[in-house]
Amino acid sequence: MEANRVFLVDDDLIFRTAATVLVGKELPTYKAHHFENGLEAYTKLMDLADTPEELPKLMLLDINMPVMNGWELLEELRSAPSQIRDLVQIHILTSSISPEDMNLSETYEFINGYITKPLTKQDLDKLKAGLP
Amino acid sequence: MKTNTSQNSLLTQSPIPMVIVAGDGQILEYSDGFYRFFECNKKKRGDALHLFLGELSTAFRHNLKQKDDFIETIEVVSVIGKTRWIRVNAYAIKGNGGCFQLSFDDVTQQKIQYELGKQAQQIARVGSWTVNLIKNTVTWSNVTKEIHELPLDYEPDLETGINFYKEGDSRNRIIEVVSECIETGKAFDEELVLITAKGNERWVRSIGEANRVNGKTIGFSGVFQDIDETKRQQLRYEVLNDRMRVAIGSANIGIWDFDIVNNNLIWNKKMYDLYGVREEDFNGVFEAWEATVHPEDKERANEEVQQAIEGEKDFNTEFRILKGDGSTAFIHAEAKVFYNEDGQPCRMIGANTDVSRIKRQDQRLRQLLNVTEKQNQRLLDFTNIVSHNLRSNSSNISMLAGMLNSELTVDQQKQFIEMIQTSSENLDETIVQLNETVKIQATSHGDLDPIPLSTVFSKVLQSVNALVLDASATIETDLAQNLRVLAVKPYLSSVFLNLLTNSLKYRHPSRPLKIKVKAQASSNQTIVTFTDNGIGIDLQKYGTKVFGMYKTFHNNKDAKGIGLFITKNHMEAMNGCIEVESVVDKGSTFRLYFMNNH
Chain S
1 MEANRVFLVD DDLIFRTAAT VLVGKELPTY KAHHFENGLE AYTKLMDLAD
51 TPEELPKLML LDINMPVMNG WELLEELRSA PSQIRDLVQI HILTSSISPE
101 DMNLSETYEF INGYITKPLT KQDLDKLKAG LP
Chain F
1 MKTNTSQNSL LTQSPIPMVI VAGDGQILEY SDGFYRFFEC NKKKRGDALH
51 LFLGELSTAF RHNLKQKDDF IETIEVVSVI GKTRWIRVNA YAIKGNGGCF
101 QLSFDDVTQQ KIQYELGKQA QQIARVGSWT VNLIKNTVTW SNVTKEIHEL
151 PLDYEPDLET GINFYKEGDS RNRIIEVVSE CIETGKAFDE ELVLITAKGN
201 ERWVRSIGEA NRVNGKTIGF SGVFQDIDET KRQQLRYEVL NDRMRVAIGS
251 ANIGIWDFDI VNNNLIWNKK MYDLYGVREE DFNGVFEAWE ATVHPEDKER
301 ANEEVQQAIE GEKDFNTEFR ILKGDGSTAF IHAEAKVFYN EDGQPCRMIG
351 ANTDVSRIKR QDQRLRQLLN VTEKQNQRLL DFTNIVSHNL RSNSSNISML
401 AGMLNSELTV DQQKQFIEMI QTSSENLDET IVQLNETVKI QATSHGDLDP
451 IPLSTVFSKV LQSVNALVLD ASATIETDLA QNLRVLAVKP YLSSVFLNLL
501 TNSLKYRHPS RPLKIKVKAQ ASSNQTIVTF TDNGIGIDLQ KYGTKVFGMY
551 KTFHNNKDAK GIGLFITKNH MEAMNGCIEV ESVVDKGSTF RLYFMNNH
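So the protein lines, in turn, are chains S and F.
Residue 1 is where the first sequence starts when you use this note's numbering, and the numbers rise one by one after that.
Residue 1 is where the second sequence starts when you use this note's numbering, and the numbers rise one by one after that.
Keep in mind that a hint or two might mislead.
[Stated by the list, open to error] Think about it this way: if two alpha-carbon atoms lie no more than 20 angstroms apart in a straight line, the pair counts; the simulated EDC-like pairs of lysine to aspartate or glutamate are: (1) F:Lys166 with F:Glu115; (2) F:Lys541 with S:Asp125; (3) F:Lys541 with S:Glu26; (4) S:Lys121 with F:Glu407.
[Stated by the list, open to error] Per the computed footprint, the stretches of chain F lying under chain S, defined by three or more beta-carbons under 8 angstroms from a beta-carbon of chain S, are: (5) 324 to 337; (6) 394 to 401.
[Stated by the list, open to error] Beta-carbon label-pair distances, calculated as ranges: (7) F:Val371 with S:Gly24: 51 to 59 angstroms; (8) F:Cys577 with S:Gly24: 46 to 54 angstroms; (9) F:Gln367 with S:Gly113: 43 to 51 angstroms; (10) F:Glu303 with S:Thr116: 53 to 61 angstroms; (11) F:Cys577 with S:Thr116: 31 to 39 angstroms; (12) F:Asp538 with S:Thr116: 28 to 36 angstroms; (13) S:Thr43 with F:Cys577: 34 to 42 angstroms; (14) S:Pro132 with F:Cys577: 49 to 57 angstroms; (15) S:Thr43 with F:Glu303: 53 to 61 angstroms; (16) S:Pro132 with F:Asp538: 54 to 62 angstroms; (17) S:Gly113 with F:Pro512: 47 to 55 angstroms; (18) S:Thr43 with F:Gln361: 39 to 47 angstroms.
Don't read these hints as lab results, they were simulated from the structure.
The beta-carbon is built from N, C-alpha and C at its ideal position, and this holds for glycine as well.
Chain S on its own, in the form it takes in the complex (with noise of 0.2 angstroms):
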């Protein structure tokens, strides 16, 4: 059986390099994805979405990225097919520490979280408890 996927959606090298580390640590059955910016991501979303066991169980997204930005990608996945949503784990992860921008993430009601970073083992730990 394929390993859990789970989608780092950040422009920023060092970020995912990091992140990857750490998930394979805390979350040992998942394979992280890279994805440089919203609409990479986006994309390999709409190619899995014939296929929903292969679509990742979660996704780390920055807010702040070229090309196409977190809220952005949100946008795009209000009107893309339902299962993106539902089968997903959508953690919005942002170095904005921006009430505005914490406040706009309640605007998505098919989001699961929103933390600021650095990512650390306890985040991931309480992400894990809500995976299935």
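Position chain F against the provided structure of chain S, taking the given hints into account.
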């Protein structure tokens, strides 16, 4: 007697009411017209005069006993109870023992009119007076006495009459005009103050005319009117009017009056001051005003006048004018349109005030507000950097450092330390950039100097020569040798450098890069256009974010997203601005606006 008879028969047949009476009032002869006139028949009345005229007055009976002609007007109540006024003209018949021929006129109508006139005089408080200089008598009518608050039996003389005028201007004036009237016969018409017998002050109008014989004034007469109420109202009105004039004068308000039908425009003196126009240069038609209005405001102001005349909108507006000395002033104008009986607009009256000072203060405030808003935006951008760039680097460092303690392979440890190094370098660079931004914000417009555009651009171009060659780019410049703009030299260099490196970075992969730089100078600003044929920016998508901080829009590893933000800040610090136009896959055009003077 023969003569008498023929005379009598002539009288008898006359349709004119006439009688011959004896000295005792006995009617001797009568005309046909007589009984008709008294609406009765002879047999019923008899032959005594008093049967027709009522009880004769003592004076009338006395006159009948004399031998002189006389005229008397008598009030008669007719058989049907109607009151008539009858004038009796009595002619003594010569040589016929005290007989009179009487003829009768009905003067009821005249009498009524006379009475009405007297009433009107009473109501209008118009009295009369006469002065006879020969007999040295003075007569006043009852109204004249009433105006003086004197009893009706008062006997005036010229001196006491004059002494009723209030001491000072009024008395001096009446003495002056009466003396002149006596000496030269000149009529007078004066409004003067009287002190009445009861001590009340009262305005009167005294009109007098000389009665002259052989070039000498033998007397004069005139009318005398109580104008106290009207005069006091007029004086109150004048006080108000004066007050209004003072108010208008001190408030710098110009008043104009436009005759719409005849296209005639009248200005008060203040208007000429406001517009800086000489009275003799103003031809008093609408077009003369129109010519003073600033060209950019002319159409609108004109339209607003028309709208007011057509009743669509009140005239309450502001426009600029070009004054006689060439300066510009802001005018606040309000006006009211007046209509004739047919409801057609015929006249427009308005007030103008110069609001330049207020307007300029307002503009200064707006500028200040603008600056404040910009500063506020920059502050927000700052928060954004702190939140994003500083934190993304610092959170990476803390995450990596935290994980160093856990079980990592040697290779991973080595990689992590390298990443910590990179992150701390990025952090340092971010802080340097922040510092740069702070420095730009602190630039004041006073630091601007005229800088030659082409010299600066050439230097910048030299510094990136290697990159230009590497990209085989062609750069076409059209910058006049002596063209200078108000700028801070290092900022200007930085702006050019940033635009050049952007074009180099985002050049189209399938065609050689072409850049065109040209400048267009007008009287107050210079526009530098910077065009490339690169990959372009999707402005529909990114619009306002193009010049924001840390926005990168291309899948380009060098993009740090601060370039255009800094460029925009540089331009604004130099009191200029930057605009962009772009088509994806075709290229971008940046327009830089520089001020030519402070």
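Structure-based check of each hint:
1. Taking the CA atoms of lysine 166 of chain F and glutamate 115 of chain F, the gap is about 33 angstroms. The hint is violated against a cut of 20 angstroms.
2. Our distance criterion of 20 angstroms between C-alpha atoms is broken by lysine 541 of chain F and aspartate 125 of chain S, whose separation comes to about 38 angstroms.
3. Using a Cα cut-off of 20 angstroms, the hinted pair lysine 541 of chain F and glutamate 26 of chain S is violated, with the two alpha carbons roughly 39 angstroms apart.
4. The straight-line distance between the Cα atoms of lysine 121 of chain S and glutamate 407 of chain F is roughly 13 angstroms, inside the 20 angstroms bound, and the hint therefore holds.
5. Only when three residues or more bring their CB closer than 8 angstroms to a CB of chain S does the claim for the stretch 324 to 337 of chain F stand; here the count is 0, and the claim is violated.
6. Coverage of the stretch 394 to 401 of chain F by chain S holds in this model, with 5 residues showing a Cβ closer than 8 angstroms to a Cβ of that chain against a need of three.
7. Roughly 52 angstroms separates the CB atoms of valine 371 of chain F and glycine 24 of chain S, a value that falls within the hinted 51 to 59 angstroms.
8. For cysteine 577 of chain F paired with glycine 24 of chain S, a C-beta distance near 50 angstroms keeps the hint of 46 to 54 angstroms intact.
9. For glutamine 367 of chain F paired with glycine 113 of chain S, a C-beta distance near 47 angstroms keeps the hint of 43 to 51 angstroms intact.
10. Between glutamate 303 of chain F and threonine 116 of chain S the Cβ separation comes to about 58 angstroms, which falls inside the hinted range of 53 to 61 angstroms.
11. In this structure the supplied range 31 to 39 angstroms holds for cysteine 577 of chain F paired with threonine 116 of chain S, their Cβ-Cβ distance being about 36 angstroms.
12. Look at aspartate 538 of chain F against threonine 116 of chain S: about 30 angstroms separates their beta carbons, and that is inside 28 to 36 angstroms.
13. About 38 angstroms separates the C-beta atoms of threonine 43 of chain S and cysteine 577 of chain F, a value consistent with the hinted range of 34 to 42 angstroms.
14. At about 55 angstroms, the CB distance of proline 132 of chain S to cysteine 577 of chain F agrees with the hint of 49 to 57 angstroms.
15. Between threonine 43 of chain S and glutamate 303 of chain F the beta carbon distance is about 56 angstroms. The supplied range of 53 to 61 angstroms therefore holds.
16. Roughly 39 angstroms separates the CB atoms of proline 132 of chain S and aspartate 538 of chain F, a value that falls outside the hinted 54 to 62 angstroms.
17. Range check, glycine 113 of chain S to proline 512 of chain F: about 49 angstroms between beta-carbon atoms, so the 47 to 55 angstroms window is met.
18. For the pair threonine 43 of chain S and glutamine 361 of chain F, the beta carbons lie near 57 angstroms from each other, so the given range of 39 to 47 angstroms is not met.
In summary, the structure is inconsistent with hints 1, 2, 3, 5, 16 and 18 from the numbered list given earlier, while agreeing with the others.
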